[in-house]
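Protein chains: 2
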Amino acid sequence: MDNFTFYAPTYFDFGRGAELHTAELIQKFGGSRVLLHYGGGSIKKSGLYDRIVAVLDGAGIPFVELGGVKPNPRSGLVRQGIELCKREKIDFILAVGGGSTIDSSKAIAAGSLYDGDFMDFYRGKAVVEKALPIGTVLTIAAAGSEGSPNTVITDEENQVKKGMKSDYLRPRFSVLNPELTCTLPPYQTAAGATDIMAHICERYFSNTEESEITDRLCEAVLKTIICEAPRVIEDPGNYEARANIMWAGMLAHNNVCGVGREQDWASHHIEHELSALYDVTHGAGLAVVMPKWMRYVLDKNPDKLVLFAARVWDIPMDEERPRETALKGIEAFEAFLKSIGMPSTLGEVGVGREDIEKMTDKLLGKKKTEGKYVELEREDVIRIYESCL
Amino acid sequence: MDNFTFYAPTYFDFGRGAELHTAELIQKFGGSRVLLHYGGGSIKKSGLYDRIVAVLDGAGIPFVELGGVKPNPRSGLVRQGIELCKREKIDFILAVGGGSTIDSSKAIAAGSLYDGDFMDFYRGKAVVEKALPIGTVLTIAAAGSEGSPNTVITDEENQVKKGMKSDYLRPRFSVLNPELTCTLPPYQTAAGATDIMAHICERYFSNTEESEITDRLCEAVLKTIICEAPRVIEDPGNYEARANIMWAGMLAHNNVCGVGREQDWASHHIEHELSALYDVTHGAGLAVVMPKWMRYVLDKNPDKLVLFAARVWDIPMDEERPRETALKGIEAFEAFLKSIGMPSTLGEVGVGREDIEKMTDKLLGKKKTEGKYVELEREDVIRIYESCL
Chain A
1 MDNFTFYAPT
11 YFDFGRGAEL
21 HTAELIQKFG
31 GSRVLLHYGG
41 GSIKKSGLYD
51 RIVAVLDGAG
61 IPFVELGGVK
71 PNPRSGLVRQ
81 GIELCKREKI
91 DFILAVGGGS
101 TIDSSKAIAA
111 GSLYDGDFMD
121 FYRGKAVVEK
131 ALPIGTVLTI
141 AAAGSEGSPN
151 TVITDEENQV
161 KKGMKSDYLR
171 PRFSVLNPEL
181 TCTLPPYQTA
191 AGATDIMAHI
201 CERYFSNTEE
211 SEITDRLCEA
221 VLKTIICEAP
231 RVIEDPGNYE
241 ARANIMWAGM
251 LAHNNVCGVG
261 REQDWASHHI
271 EHELSALYDV
281 THGAGLAVVM
291 PKWMRYVLDK
301 NPDKLVLFAA
311 RVWDIPMDEE
321 RPRETALKGI
331 EAFEAFLKSI
341 GMPSTLGEVG
351 VGREDIEKMT
361 DKLLGKKKTE
371 GKYVELERED
381 VIRIYESCL
Chain V
1 MDNFTFYAPT
11 YFDFGRGAEL
21 HTAELIQKFG
31 GSRVLLHYGG
41 GSIKKSGLYD
51 RIVAVLDGAG
61 IPFVELGGVK
71 PNPRSGLVRQ
81 GIELCKREKI
91 DFILAVGGGS
101 TIDSSKAIAA
111 GSLYDGDFMD
121 FYRGKAVVEK
131 ALPIGTVLTI
141 AAAGSEGSPN
151 TVITDEENQV
161 KKGMKSDYLR
171 PRFSVLNPEL
181 TCTLPPYQTA
191 AGATDIMAHI
201 CERYFSNTEE
211 SEITDRLCEA
221 VLKTIICEAP
231 RVIEDPGNYE
241 ARANIMWAGM
251 LAHNNVCGVG
261 REQDWASHHI
271 EHELSALYDV
281 THGAGLAVVM
291 PKWMRYVLDK
301 NPDKLVLFAA
311 RVWDIPMDEE
321 RPRETALKGI
331 EAFEAFLKSI
341 GMPSTLGEVG
351 VGREDIEKMT
361 DKLLGKKKTE
371 GKYVELERED
381 VIRIYESCL
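Going down the list, the sequences are from chains A and V.
Residue numbering for the first sequence follows the working numbering, beginning at 1 and increasing consecutively.
Residue numbering for the second sequence follows the working numbering, beginning at 1 and increasing consecutively.
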């Protein structure tokens, strides 16, 4: 196990009706002038917007609003948010929505206390040293941004998704009410479940030996999604299954499942180029890329794929032919993704061959390789994209 | 899944040499005058005391010392510590040791900012509303106090162990260097591993349905201890196995494995009376009590014991005879505890029949029942003690 630090100080308020505690949570964490940040009309249709406004008004907390966050959140709206926070002397950001809204809020939080362009943080030109505090009311189990230090923004000028992380960006509190996810369409639900599984896989496929506890935690989250995702596809209003997925989604990305070892993230980065260029739903893109990445790296570094098959998918271990065991694990993963309605080829999400070279160049930038479990060179990335067609 | 809140803001610095960061961590979390609290001579023999003093001196952090914490930490020493903190205007407590030292520090932290007797908190007469911040340097994987809000103190006047918890008592930081545990004797190591398993079992045996994620996390920690504990008994200097146990020990008690459901704690409370009266090593007492509790409740509420057998001990499920499956799980647990050198009867830890009624009365106090998975009445508790003889 490698040396590590772990710090996850977010206060979670989980359960039915938890959004009604939002005002007291803002006050508990020192907020007095709030930016209410959200996406499209879904929180208005569902009544969540009205409930949040009512509790803020009820507590006498002044707020300004910025809606309009889109999936794969854009740099342009972040700039508007930063300007608004500075002008209105905002001291707390409340994100009501999914990962995109929370990631956008994190960008605004960092940018509001920074003199330069906030994209400096995402381009590796500056490090976050302070940020406005944020709280979240989560409406989809997927990105894990409600408990993570991470944020991903699409740079509109360059059509590229860029991520960064900082402990200053961990939400002070997150409200997780599984009821709020019960109205999500099956496709979004399944894409969220896939994203959660991918967050674990990127941490599970590691060359660092001897981190049994972290392996076991990863398997626990994957097993939970494998158990619960089909139940919500079958019965979207199943509160209990939604609750398990929602909490698993947080655990999948607050890094408790990743400490003490090298992580990979190649599949995520390969997918980010798809989302940036074609606006593919992130989880759906991952459903295509992740198993193809597994097939590609299988012969280069099979060990963890064998464990994945045996422990996560209960494939009986064939000691004589471990490759076959691993392959059955990948097939089980593919069958599972298909069963919850996820795509398995880029064609299904409207992506063709023509941009593969361009996406590969953007992905690698100045780097020679991508990923750690197997270090992928340019040719490897191209072959993985091609295998996804 | 029940509604819950979860808040675990401790900063963990994990790995080789981590104790050398102690001074900068104290400063990061605002400490300027420190109480250095520790137990007996082991940290002096090992050189850890000298290293800690050197980093404090090197950073120019003034400190006063209070050693002498004993296993099952005593109220008398806590009172000395409170007096010392008040007199010396201490603003940060550094606990260097195991669960007893950390629990004693928590009591001092709460008592130093309270006008009444600190035992009020443990007797349910007052609630902690503020406390001095504490940091820890952990020397044994067992109690999980390094990441928990809990503390247990032996009330010397009444020979009774009393516990309490408060988020104000969660350590600001904890330094976890597995190397520091490599010199522990096998018996202490095994007792620590047993305590870790018990912290999980008290959370696993729950009547709350539909918390798959929490079940899976519990199983992950148990599986890790089952894998790693025999390795350190065989080879006490095995850093990797020590590291896995140390991190598992924190996870077992910061409540990430217990959220969203009713917990039990009968075995812990039954054992606390043994520790209070006979100064039994807590983990060794649990090794006796826990399996006997399982055997006692088996016929009253078998379901979770069946799951425990199947998922934790890999007992093939006998659908026709689930009781047999569960029993094999308990037997596997007993065999495991024996294999790592733990006792299985009260006779082995020097406890006889004569105090059973007295312990039962103390345990129940004014309560009618103990535990939740099965509510134990007075007669049940007596029978469990008797079955432990």
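Do not take every clue at face value.
The list cannot tell twin chains apart, which means a pair is met if one copy fits it or any two copies do.
The calculated DMTMM-like cross-link candidates involving lysine to aspartate or glutamate, where the alpha carbons are at most 25 Å apart (straight line), are [stated by the list, open to error]: (1) K130 <-> E320; (2) K367 <-> E210; (3) K304 <-> E240; (4) K366 <-> E262; (5) K86 <-> D299; (6) K372 <-> E240; (7) K165 <-> E24; (8) K44 <-> E88; (9) K28 <-> D2; (10) K304 <-> E83; (11) K328 <-> D314.
No lab work stands behind these hints, which were simulated from the structure alone.
Now the hints, each set against the structure:
1. K130 <-> E320: neither (55 Å within a copy, 61 Å between copies)
2. K367 <-> E210: neither (29 Å within a copy, 46 Å between copies)
3. K304 <-> E240: between (31 Å within a copy, 18 Å between copies)
4. K366 <-> E262: For K366 and E262, the Cα distance is within 25 Å only inside one copy (21 Å; across copies 53 Å).
5. K86 <-> D299: Classified as neither: same-chain Cα gap 53 Å, cross-chain 65 Å, threshold 25 Å.
6. K372 <-> E240: between (36 Å within a copy, 21 Å between copies)
7. K165 <-> E24: between (27 Å within a copy, 22 Å between copies)
8. K44 <-> E88: within (24 Å within a copy, 57 Å between copies)
9. K28 <-> D2: Classified as between: cross-chain Cα gap 23 Å, same-chain 36 Å, threshold 25 Å.
10. K304 <-> E83: This pair counts as neither: shortest intra-copy Cα distance 47 Å, inter-copy 55 Å.
11. K328 <-> D314: Both. Shortest intra-copy (10 Å) and inter-copy (22 Å) distances satisfy the 25 Å Cα cut-off.
Going down the numbered hints, you'll see the structure goes against 1, 2, 5, 10, while the others check out.
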